Structure formats: structure tokens, C-alpha cells
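Protein chains in written order, with this note's numbering: chain A, 1 to 387; chain B, 1 to 451.
Check before you lean on any hint, since a few could be wrong.
[Unchecked claim] Computed Cβ-Cβ distance ranges for the label pairs, DEER-style:
id	chain 1	residue 1	chain 2	residue 2	range
1	B	432	A	267	45 to 53 Å
2	A	64	B	309	19 to 27 Å
3	A	108	B	309	50 to 58 Å
4	B	171	A	243	17 to 25 Å
5	B	89	A	374	54 to 62 Å
6	A	374	B	171	40 to 48 Å
7	B	42	A	243	42 to 50 Å
8	B	205	A	286	57 to 65 Å
9	B	356	A	223	45 to 53 Å
10	B	432	A	223	25 to 33 Å
11	A	381	B	47	49 to 57 Å
[What the hints assert, rightly or not] Below are the DSS-like pairs computed for lysine-lysine, each with C-alpha atoms no more than 30 Å apart in a straight line:
id	chain 1	residue 1	chain 2	residue 2
12	A	19	B	12
13	B	87	B	12
14	B	87	B	97
15	B	97	A	189
16	A	189	A	19
17	A	189	B	12
18	B	12	B	96
[Claimed, not checked] Some chain B residues well away from chain A (every beta-carbon gap over 12 Å; in silico):
id	residue
19	41
20	113
21	408
22	413
Please keep in mind that the hints were generated in silico from the structure rather than gathered at the bench.
Since the model is a prediction, treat every value here as computed from it, not as a measurement.
Even for Gly, the Cβ is constructed at its ideal location relative to N, Cα and C.
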Amino acid sequence: MTTPSSPSPTAAQPWAGLKVVERDGLCSSYATRLWAALGAEVVVLEPPGGHAYRHLPPFAPGTGEPEGSLWWAFLAQNKRSVVVEPGSDAEQALLAAADVVFDEPAPPVVTPTPLHDRQVYVAITPFGLHGPRANWRGSDLVAWAAAGLSYVTGFPDRPPVALSSMNFASHVTAMQALGAAMMALFARKQTGRGQLVDLSMQQANAALHPEVGVPLVLDDAVHRGRSGNRRAVSRPWGLYPCTDGYASIIIVQPAHWMNMAAWLVEVTGVDALADPAFNDMAVRWEAAEFIDDMTEQLTTGMSKQELFVEGQRRNIPITPVNTVADLGRDPHLEASGFWLDADHPVIGPHRSPGAPFSGGSGWWSWTRAPLLGEHTDDVVARWTAGS
Amino acid sequence: MEQSTRPLEGLKVVELSIAIAAPSCGRMLAYFGADVMKLESLQYPDVVRLFGSAWARTPEYASVFTDTSPYLPEMNANKRSIGLNLKVGAAVDAAKKLIANADVFLTNYSTPAVTDLGLDAATLRALNPRLVYAALPAFGSDPSLPYYPFISWGPNQAPLVGLDAVTGFPDQEPAGVASFAPPDYFAGLHALMAVLTALESRDQTGEGSWVDLSQFGTTVAALGPYLLDEQLSGTVVERSGNRSAWYAPQGVYPSRGEDRWVAVSVTDDAAWQGLAGLLDRAGPAATGGETGFAADPGLATAEGRRERHDRLDTALAAWSSTRSAAQAAVELQAVGVAAHPVNDTEAMLVDPQLAEYRWYQAVPCFRFPDGDLVGGCALRLEDTPGHWEWAFPTMGEHTAEVLGSVAGLSEAEITELVEQGAAYVPAEPGLSLHRPYQHLLGLLGLKGASR
Numbered sequence: 001m002t003t004p005s006s007p008s009p010t011a012a013q014p015w016a017g018l019k020v021v022e023r024d025g026l027c028s029s030y031a032t033r034l035w036a037a038l039g040a041e042v043v044v045l046e047p048p049g050g051h052a053y054r055h056l057p058p059f060a061p062g063t064g065e066p067e068g069s070l071w072w073a074f075l076a077q078n079k080r081s082v083v084v085e086p087g088s089d090a091e092q093a094l095l096a097a098a099d100v101v102f103d104e105p106a107p108p109v110v111t112p113t114p115l116h117d118r119q120v121y122v123a124i125t126p127f128g129l130h131g132p133r134a135n136w137r138g139s140d141l142v143a144w145a146a147a148g149l150s151y152v153t154g155f156p157d158r159p160p161v162a163l164s165s166m167n168f169a170s171h172v173t174a175m176q177a178l179g180a181a182m183m184a185l186f187a188r189k190q191t192g193r194g195q196l197v198d199l200s201m202q203q204a205n206a207a208l209h210p211e212v213g214v215p216l217v218l219d220d221a222v223h224r225g226r227s228g229n230r231r232a233v234s235r236p237w238g239l240y241p242c243t244d245g246y247a248s249i250i251i252v253q254p255a256h257w258m259n260m261a262a263w264l265v266e267v268t269g270v271d272a273l274a275d276p277a278f279n280d281m282a283v284r285w286e287a288a289e290f291i292d293d294m295t296e297q298l299t300t301g302m303s304k305q306e307l308f309v310e311g312q313r314r315n316i317p318i319t320p321v322n323t324v325a326d327l328g329r330d331p332h333l334e335a336s337g338f339w340l341d342a343d344h345p346v347i348g349p350h351r352s353p354g355a356p357f358s359g360g361s362g363w364w365s366w367t368r369a370p371l372l373g374e375h376t377d378d379v380v381a382r383w384t385a386g387s
Numbered sequence: 001m002e003q004s005t006r007p008l009e010g011l012k013v014v015e016l017s018i019a020i021a022a023p024s025c026g027r028m029l030a031y032f033g034a035d036v037m038k039l040e041s042l043q044y045p046d047v048v049r050l051f052g053s054a055w056a057r058t059p060e061y062a063s064v065f066t067d068t069s070p071y072l073p074e075m076n077a078n079k080r081s082i083g084l085n086l087k088v089g090a091a092v093d094a095a096k097k098l099i100a101n102a103d104v105f106l107t108n109y110s111t112p113a114v115t116d117l118g119l120d121a122a123t124l125r126a127l128n129p130r131l132v133y134a135a136l137p138a139f140g141s142d143p144s145l146p147y148y149p150f151i152s153w154g155p156n157q158a159p160l161v162g163l164d165a166v167t168g169f170p171d172q173e174p175a176g177v178a179s180f181a182p183p184d185y186f187a188g189l190h191a192l193m194a195v196l197t198a199l200e201s202r203d204q205t206g207e208g209s210w211v212d213l214s215q216f217g218t219t220v221a222a223l224g225p226y227l228l229d230e231q232l233s234g235t236v237v238e239r240s241g242n243r244s245a246w247y248a249p250q251g252v253y254p255s256r257g258e259d260r261w262v263a264v265s266v267t268d269d270a271a272w273q274g275l276a277g278l279l280d281r282a283g284p285a286a287t288g289g290e291t292g293f294a295a296d297p298g299l300a301t302a303e304g305r306r307e308r309h310d311r312l313d314t315a316l317a318a319w320s321s322t323r324s325a326a327q328a329a330v331e332l333q334a335v336g337v338a339a340h341p342v343n344d345t346e347a348m349l350v351d352p353q354l355a356e357y358r359w360y361q362a363v364p365c366f367r368f369p370d371g372d373l374v375g376g377c378a379l380r381l382e383d384t385p386g387h388w389e390w391a392f393p394t395m396g397e398h399t400a401e402v403l404g405s406v407a408g409l410s411e412a413e414i415t416e417l418v419e420q421g422a423a424y425v426p427a428e429p430g431l432s433l434h435r436p437y438q439h440l441l442g443l444l445g446l447k448g449a450s451r
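Please put together the full structure from these sequences, using the hints given.
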């Protein structure tokens, strides 16, 4: 897959011919990696020291900056690297040639303007371009906190937690920014004009809030707090220990509970579990301690993959609590062609997650992450010829 | 003001969906003007309808219970509801007439379920070659794959895809992401990308396509760098509470009040100098006995600060716990440090930035003519913005008009479908509802125009 050093979009790729510029920042890369694999020419404008992601751990064994960061190796796939001095005329000329710009302006924020009539300019900021906190600084953790997501994650007797080390809020923001950019291109088909997109990281992640959201809480007047790794609605509902970690069991439908009850009776010999009264999830919540105790008798004797496969065979929604090591060996991902074989002159051969969906034939094509400045001459020549 | 045309005006989308993953995608399409027609059944309603509302669990509301869930506007704002019992052949025929005139079919039903209904990709694409068929089942549409027949909800996709194992503190069992389901929304965002890409492709080739998206695969990819790390070095990334692999200090610190917290990220050395000065000015009495932060060369780098993270946490917590979360955030932001109160749901309602952007709006609809509360859409296009027209459709609200104008059925045919129980129209059309908090909408400034 990713051996070629330069992307060469084909006509079969839906976004071939589109010029996209990404400036230094953390909150668009996840999505532009995919856009580039669908044919868009995504040029990362890097300062001479390299893009922020080049400096972030983890690094491939025996490597370092600027080529060895696995963040860069993953998120810059399919893109081109152009080194320019920030604020230079060369940078300005490249920006002016783009159909779409992804920018993360730092405070004090000045509302940007597209550089030409047909340009879509996506300004990504922690809290939006206007309002009392428009100049506040942000981070992945701050986005979780501001979007209401941290408060409900974790155990009630410990502080709220977030998926901050995964940069997940930034990836969600990137996908929202991409959706907005594509939407603006559809608008351009009608109007002939580009426009500014005001993309707030807080709002991007507030979109994930409905399950504990304002309309819900106003309606039932019940405060939503943290409930640890089992949700305070019924049982079994959450994580249960097993021989090699944890499995997730979430039972809503009566039919799924009846399958679970039959299995529990087999394992524990406690016939009372088959009492039809327990088919009501509210009754199981009242008997939470008993149901959890019985469930743990079952789960602690098996591995998470055994619980997953046998539970699913019995038509019970059980999933394993996977680590990255488990996912690297998952048989479904393996069989589905999820992994792409990649090579990289510094990192060496490796496997990388590939296309998130299948579509028309020839839609996707993959290249390795570019070396620092690898495409500077090529892109400057093609994009700014005659200017 | 001149009304701009929204980018997806004229696009016809038929949605056969449940819960969050596909509905969250359809809702964004509808915000930008697409006509999203959700096929719904009274026999097998979307779980979002089944939740209903606590106050509606009385005989008085039994017939309209499925119109009462506060989740409805969160998932189905701006959509039209087409009530069809797809277990009846005549209803499936009507659905196919609708889909024959549609641009997009969007579903997160399992592949066996859509196949049983006769609404599988091969059938519908033969019927309408320009159709974009977008399916996002939990484990993809290939029957040869190991987990193809497996079942999962959004809440147990998060453990499966690796999110739960890395959420929580290293000294205890995983906290997991238990209260909401990130993979559902992430899949919905990928579906938006897939649908718009397929439409772009159709503009060029004239042909529709089948986009098949596995919810499992989309979110696993979010762990990309750590999957590579495990593969290349054998390192399995562990839970780290709120700490960052990059920044230090970073954390969630207690503030004044019960269960009140402030999130703080010192994202670079300049921000550290800001924080160090703030702590030094507060003095050792306010920071657990330490001082001299700014002058300490050992703390000038992230690496040095990471080594002393526990002590910095103690100092920051001592400082923050004597202030409100908002006050702490204001003081930190003033010296260039990223910080924000950890918003609970009640705080979201009065958050100044969300209010600035009118994130929550009361928008009228059939069942709630005085407005029901709708959460926002993050895609803010300055010149061709989306907007909410109605909060959510009542079950079967648009059955007759859509089967007539889009599927081309005659009035007599529609009446017959309704009479034989193959199609539904709204129960008790004259019954209007009000939320228990309806009187607050005006006070909170959430009422008014729908845009």
C-alpha cells in the first residue's frame, strides 16, 4: 500500500483535483488523512522545525524527531509536506492557491477571511471565533471538560476522567471540521463561492453529550453524575472481571436477559435466576447486588474472548474490554482487511489501520507519511506557477 | 434578511435507523436542508421512541408516549416521520417507491435485518442506480467475517474498540466511558463523510454507490498511533487518569463546592511560566507549602515537570480548591493556561460560549407547539448556515404527504395502507404536550425564532 513516496490521485478518486492546505495544529489531521486517501491533495504547511505532531511521543523504537513520531506516521499518511516560514510570502502564495484551508488560529483570535472567492476556510478554535471566551486556550482535556463529557466519566469517589491521552476530542473535532468543509463545497457548487467555517472544539464534542444532555436532565430533573464502569439503570450493565481483564455485558431486551439467565443457571445452579420477575430490567436493578454476584461467578471463570464468543453465540450482547494488543490480534479486523501494510524509510515496515468504509472501486489509495519538506519543491512549483 | 439556500436543499434521504449512529448522521444532513424521511414502525419502534418520558407514564399519555422522549430532538430534529409496518408487503412496496425517488438510503439496521425486509443493497441499487446506499452495521456487511452475526449497543462498542481500557486511573480498574457512547457518534461522523463523498462521486459519474461502514473499524482507527506502538515496540498503552503523554502538568483539580472541578493543561513552556508566576504570587500558604516555581530550572521543561507531576498536582489542587471552578479558569486563562470548569449538564445550559452560539434552542413541532429543546450542530457555515425547522416529527406525522408527493401513491392507496395497518398516521392529532420545564424556556432565553 503505502510504499510510494508521493500520492498520485486517480480520476476514480472522488476528491481528486481538490487542493487542501493544513496548517500547524492538532485538530484536523485525523480527518484530512482520510480525505487525502480519497484523492484530495492535502498539503501540510510545516514550519522549518516540523509540524507539532512530529515532536510527540510515542516514537518508533530507535527513532526520534522529526520522522519517528507514530502520531505523525499515522496522521500524515497520504499527505504532502511543504516547509515554509510562517508569515512568509511563500506561505501566503500556497494558502491563496488552496480550495480549502484548515487553520487553528491562536489567541488573540482575529476572524480570518478566505483568501479568494472560492476558498473554504475552516477556522478551528477551542471555543469558537466569537463570544466571551473566544480567546481562551484549549486542549483535548479542556474540550472534554467544556463539552460536559468529563463530568460523567469515572468513579463517583474519584475526579472526572477523560480519554485525553488518545486525543479523541481532537479527532472528533477533525471529523466535524471535515464534514463542514465538504458541506461548504456542496454550497460552492450552487453559489460559486467559498466561505468561512467557524468550528469550535467545545461544540464539536458537545455533539456527543445527548445521552446525559440538557433536554434529558431538564425533563426528568435527575442530576447525571459518574457511576463508575456500570451504569445506574439496570444489571448486568457494564464491566465485569474475568481471567484476563474485563468483559462488557449490557442487557436491555428481555430476550437477551432470558438467554443470560439460562447461562447463569447453568453455571451457578441458582434456579431463582430464571424467575420471570427478573425479565424486568427495573427488578434487576433493585436486585443489583445479587445479579452482579451471580454474573461475576460466571465471568471470573472465563477469558474475555471466550465470554465474547460464547455470549454472542447465546445471543447476549457481550464484548471484550480490548487493549491495543488485543486489537492487533483481533480475528475480525484481520479477516476484514482492516490493516494496511506500510513501509517507511525511518520507521520501517508496519501495519496501519486502513479505510473506515468501503465505497466505489478505486476510491482509496494510501501512501506513507512524508519526510519533512519532501514535497516543498514539487508543490511550490505546481501551485504557484505564474504567480 | 435574505434567506440563503442551504447546501443540501432538494436532497432526498430515506433513513431506516435505530438509536444514535445513523440518526446522528441523518440529523446533520437535515440541518443543512436535506429532506430526511425516517421510516418508523409502531411494532418495532426506534429505542429513542421507547424511552418516552417519566411524566408520560400515565394512561392519559399512553397513545402518544412515543412522542415524549427528550432524546427525539437530539436524534431526529428536522426529519420527517413515515409510519410503515415493514413486516407487511404493501408497506415494503411503498418504501421501495419512496427509495426509487431518493438520493440516499441510510441505515444502521443489521445486514440480516435489512435483507429480511427486502431492503438490501443489491435490491435497492437495482431499483435506483443513482442511489447512495449507506449502511453502518456494527460489524460490517460481509457474512464471511467472524463477528458478522454479533450484536452490540453503542455502550459496549467503547470497550470493544479499546476506549474503555485506557479510560481511568492506573491504580484501579478501568472506569470506561460508561455514560455515553463515543463510537456511535464517531461512526455517524464517518457516515457523513461517506455520504457526501458518494454524492460527490455521483456528481462526476452519474452513478450511486454502496458505502459499507463497520462501526467497529471506524473507532479502532482512532487509536492508530498506539496500535502502531504496540506492534513495533510491544508497549501497551495504559490508563493515565487525566495526564497527557505530551504536556505537564495536566489534570482535573478540585474547586470550591461539592464535586466541582477545573480542568487544566499546561501545553507548552510559555504557559508553564504563566502558571508558575501565578502560583508564586499566591504564595506557599496557598499552594501546599511550595514556592519558587518560576525560578526552578528543573520545571522549565515538560520532562522535568512530568517527573514532579505529583507535587505539582498537590500545589495546583491546594490553589484551586479555594476558588470556584469558574474563578480558577478565569485566573489561569489570564496567564495563558488552557483551563475550563468541568461542566456538568446543568452548567452546559448556562455555558457562556454555548449560549453565544445558541446551542440549545426551543423549536416548535407538531406535538410541542410551544417548542421543544434541540441541541446544536457544530458545523457552523457562515454564509450558508443550517437551521432547525422543527424539533422532531410525531410518529407517522408525514406518512400521507410523503407517500403522496414522493412515492406517488394516490389518496385511496394511502388510505388503504392505513386501514390495513401497513401505514400509520399520528395518534390523537389534537393533543399538544408541554414539558414540565416549559415555563423556564423564556426565562433561559431559549425561545424564539428557530434560527
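Status of the hints after comparison with the structure:
1. B:432 / A:267: 45 to 53 Å: The hinted range 45 to 53 Å holds for residue 432 of chain B and residue 267 of chain A, with Cβ atoms some 52 Å apart.
2. A:64 / B:309: 19 to 27 Å: Distance hint for residue 64 of chain A, residue 309 of chain B holds at roughly 23 Å.
3. A:108 / B:309: 50 to 58 Å: 30 Å, violated
4. B:171 / A:243: 17 to 25 Å: 21 Å, holds
5. B:89 / A:374: 54 to 62 Å: Distance hint for residue 89 of chain B, residue 374 of chain A holds at roughly 60 Å.
6. A:374 / B:171: 40 to 48 Å: 44 Å, holds
7. B:42 / A:243: 42 to 50 Å: Because 45 Å falls inside the window, the suggested range holds.
8. B:205 / A:286: 57 to 65 Å: Check passed, 58 Å falls within 57 to 65 Å.
9. B:356 / A:223: 45 to 53 Å: The hint (45 to 53 Å, Cβ to Cβ) is violated, given that residue 356 of chain B and residue 223 of chain A are roughly 25 Å apart.
10. B:432 / A:223: 25 to 33 Å: 29 Å, holds
11. A:381 / B:47: 49 to 57 Å: Because 56 Å falls inside the window, the suggested range holds.
12. A:19 / B:12: Given pair residue 19 of chain A, residue 12 of chain B holds - Cα atoms ~29 Å apart, limit 30 Å.
13. B:87 / B:12: 24 Å, holds
14. B:87 / B:97: 16 Å, holds
15. B:97 / A:189: 29 Å, holds
16. A:189 / A:19: With a Cα-Cα distance of about 16 Å, the restraint between residue 189 of chain A and residue 19 of chain A holds, given a limit of 30 Å.
17. A:189 / B:12: Holds - the C-alpha atoms of residue 12 of chain B and residue 189 of chain A are around 18 Å apart, at most 30 Å.
18. B:12 / B:96: The given pair, whose Cα atoms are some 14 Å apart, holds under the 30 Å limit.
19. 41: Given that every Cβ of chain A is farther than 12 Å from that of residue 41 of chain B, nearest at about 16 Å, it holds.
20. 113: Per Cβ check, residue 113 of chain B is outside 12 Å of chain A; nearest 14 Å; holds.
21. 408: 27 Å, holds
22. 413: Label holds. Min Cβ-Cβ 35 Å, cutoff 12 Å.
The structure is inconsistent with the numbered hints 3 and 9, although it conforms to all the rest.
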